[in-house]
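Trainee: Chain A is fixed; fit chain B onto it per the hints.
Order-wise, the sequence lines are chains A and B. Under the numbering used here, the first residue of the first sequence is numbered 234, with each subsequent residue one higher. Under the numbering used here, the first residue of the second sequence is numbered 234, with each subsequent residue one higher.
The hints are simulated quantities; they were obtained by calculation from the structure and are not laboratory data. Hints are not guaranteed to be accurate.
As the list makes no split between identical chains, a pair holds if one copy fits it or if it spans any two.
Said to hold, decoys possible - Pairs of lysine-lysine residues, derived as DSS-like cross-links and limited to a Cα-Cα distance of at most 30 angstroms, are as follows:
#1 501 - 575
#2 501 - 521
#3 235 - 322
#4 575 - 299
#5 575 - 322
#6 322 - 501
#7 322 - 299
Given next are the chains, with one letter for each unit.
2 protein chains.
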Amino acid sequence: MKLDTLDTPAALVDVPRMNRNIERMQARMNALGVRFRPHVKTTKCLEVVRAQLAAGANGITVSTLKEAEVFFAAGVTDILYAVSIAPSKLPRALALRQRGCDLKLVVDSAGAAVEVARFCAAQRATFEVWIEVDTDGHRSGISPEQDALLEVGRILHDGGVGLGGVMTHAGSSYELHTPEALAALAEQERAGCVRAAQRLRDAGFPCEAVSVGSTPTALSAGKLDGVSEVRAGVYVFFDLVMHNVGVCSIDDIALSVLTTVIGHQPEKDWVILDAGWMAMSRDRGTSKQMHDFGYGLPCGLDGTPLTDWVLSSANQEHGILSPAQGAQLGEPLATRFPVGTKLRILPNHACATGAQFPEYHALSADGETTVWSRFHGW
Amino acid sequence: MKLDTLDTPAALVDVPRMNRNIERMQARMNALGVRFRPHVKTTKCLEVVRAQLAAGANGITVSTLKEAEVFFAAGVTDILYAVSIAPSKLPRALALRQRGCDLKLVVDSAGAAVEVARFCAAQRATFEVWIEVDTDGHRSGISPEQDALLEVGRILHDGGVGLGGVMTHAGSSYELHTPEALAALAEQERAGCVRAAQRLRDAGFPCEAVSVGSTPTALSAGKLDGVSEVRAGVYVFFDLVMHNVGVCSIDDIALSVLTTVIGHQPEKDWVILDAGWMAMSRDRGTSKQMHDFGYGLPCGLDGTPLTDWVLSSANQEHGILSPAQGAQLGEPLATRFPVGTKLRILPNHACATGAQFPEYHALSADGETTVWSRFHGW
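Bound conformation, chain A alone (with noise of 0.2 angstroms):
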């Protein structure tokens, strides 16, 4: 289909900028020489992911069972499922491995590493265990020099579960905006997990993977010594996030939303569109950055920017677009955006935008649209 005749809102991803984001991200961790593990979470898109492993990707990264399921399902074994794990889970993680999934699980407490421990005892099963390190404090993670890192070794070395590695997230990058901060907070994110893994093999532990990633470290790392493989998500698409954080361009955001122009509010200076939060998710990740785009940048079908206007408010399916600060309209609204006007909005948040959406519509150089479907629930 085109892209004018498809419903909206749809979530439309520009194939080409697509592909240009995964070769760009692979190139450079083939030239950093580390392996790298795309985070699906982002996409939960199949023809996204064979189109990241094709270009060199080694393994996926989970964020929740089902992707596992569904992307094992699909032919993909290596799989890291990178949220410690609650132990009710563990019975259907158990029976991915059983199935022949390469499944490895996370672990960043004593608590949770016991309960792994016990389930492997009373099930003689075991399962391949990472410990998180927490290298920035922004969330979970056991730091490099703490006790509870040793412990955590120690209880599921004994416990018969095998220690593969340490990962780590330094998702504090998502709040800085200079080369030279991501440059520092990748090289911090490096040296403490390869401090980590230093550490548990010190100690007798086994410690093969260390893996480290969020999208800007990735992009800003200068080396990776020690490092065994990388993680990224929201490289795939990027959005005005990512933007704000520098290290994409405009021109690199492959989602956004089709909406249509459903009316005006012309003594206020509003276009009603069809895109509210349903559509574009309620992430106003850019409100706290250098510049707040609101709930997102609209531009025209051909993909132009529309830096005049933003999508200053969401209703449910209501999408407030009004002029930016300092915007001149030169025409009055309903000229210049007739009822039935269709436009793409960039989003903020691509991971949050596009789980609003049961499929991608996939467009093409040539301007087809082809509907890849994505998933949600656990």
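Mentor: Showing chain B alone in chain A's frame:
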């Protein structure tokens, strides 16, 4: 299944609370002498809609044509699609009418009215169209005194389109929090919509339906003279935003997210959960209200609120529970909330949180759960 055997995160519906909410609203509408047309965008779930209709509702309101299609297929015929129609959606709307659905459309501009009239002429078809009236300036609609109201009426009427009524939604009620202000806005909503209907009738146009509503105004209106029906959506589950508005208590909130403790950061007093923004949504609707509940209010598995805690931060699949301001921690985190502990989180906004899940788990008074499917997409 019992609650403690469900995989997490999961969306729970407390069925006794939901039924109480449905009965409360319907009894109020009956007492006020108006019909009630629930907005099903909140739940997109057949079991919930059946309960609303069984309690006495007359027809439903939808926010997407997909909702209309799904509920019409399930036997609901009286449907108001309460978003100004995009011209490209007219063929889909017509298909529903031709299959016997009493689908009513909405427009709020001459541009949209012209498109509907043109389509009807080309297809030798007609629609019933209601005009959206703006009674509080928060989004779309035509103000009752504007010339555009009669202009749109004339375009529809002269174009052979059935002018079925007027409708308004005082969505700014979400910003209020006193009974007096809510009652005043409810009266403003009523009076404005009735006035618009009167102007249309005075000009010789038919205008049977006078439809008003939002959950806060529906629960605050003192009289509804001249109104034929009321619409409301979120009342069926309520949420923390509605609690802050003052139209429900915490004990009325029927939707919660079941989650599991997956780790701790003891030095920061953080408990890490497997409910992040993918489960809760990014909705931070309480952030500008009197009580900011972060990403949600945690409760024990039995539903007892843990008011000393707040879901203060959320990544995609990680939630961070931290002490509420001023709270005193009595015991170590790993003792208070061991890994594997299950909690329930009350959401800021039930419409947004529900949309993150492919299904609800309906929890009955005896502690058993049943799967209720919900759909997403357009």
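Trainee: Taking the hints in turn, state whether each one holds.
Mentor: We went through each hint and held it up to the structure:
1. Taking the shortest Cα distances, residue 501 and residue 575 sit within 30 angstroms of each other inside one copy (21 angstroms), while across copies they are farther apart (48 angstroms).
2. Taking the shortest alpha-carbon separations for residue 501 and residue 521, both the intra-copy value of 25 angstroms and the inter-copy value of 23 angstroms come in at or below 30 angstroms.
3. For the homomeric pair residue 235 and residue 322, the shortest alpha-carbon distance between copies (16 angstroms) is at most 30 angstroms, but the shortest distance inside one copy (43 angstroms) is not.
4. With identical chains, the CA atoms of residue 575 and residue 299 are at most 30 angstroms apart between copies only, with a shortest distance of 20 angstroms across copies and 35 angstroms within one.
5. Taking the closest pair of Cα atoms, residue 575 and residue 322 come within 30 angstroms of each other only across two copies (13 angstroms); inside a single copy the shortest separation is 44 angstroms, beyond that limit.
6. For a Cα distance limit of 30 angstroms, the shortest separation of residue 322 from residue 501 across copies, 26 angstroms, qualifies, whereas the shortest one inside one copy, 52 angstroms, does not.
7. Taking CA atoms no more than 30 angstroms apart as the test, residue 322 paired with residue 299 passes inside one copy only; the shortest distance there is 11 angstroms, against 34 angstroms between copies.
Consistency with the previously given hints is maintained throughout, with no hint failing.
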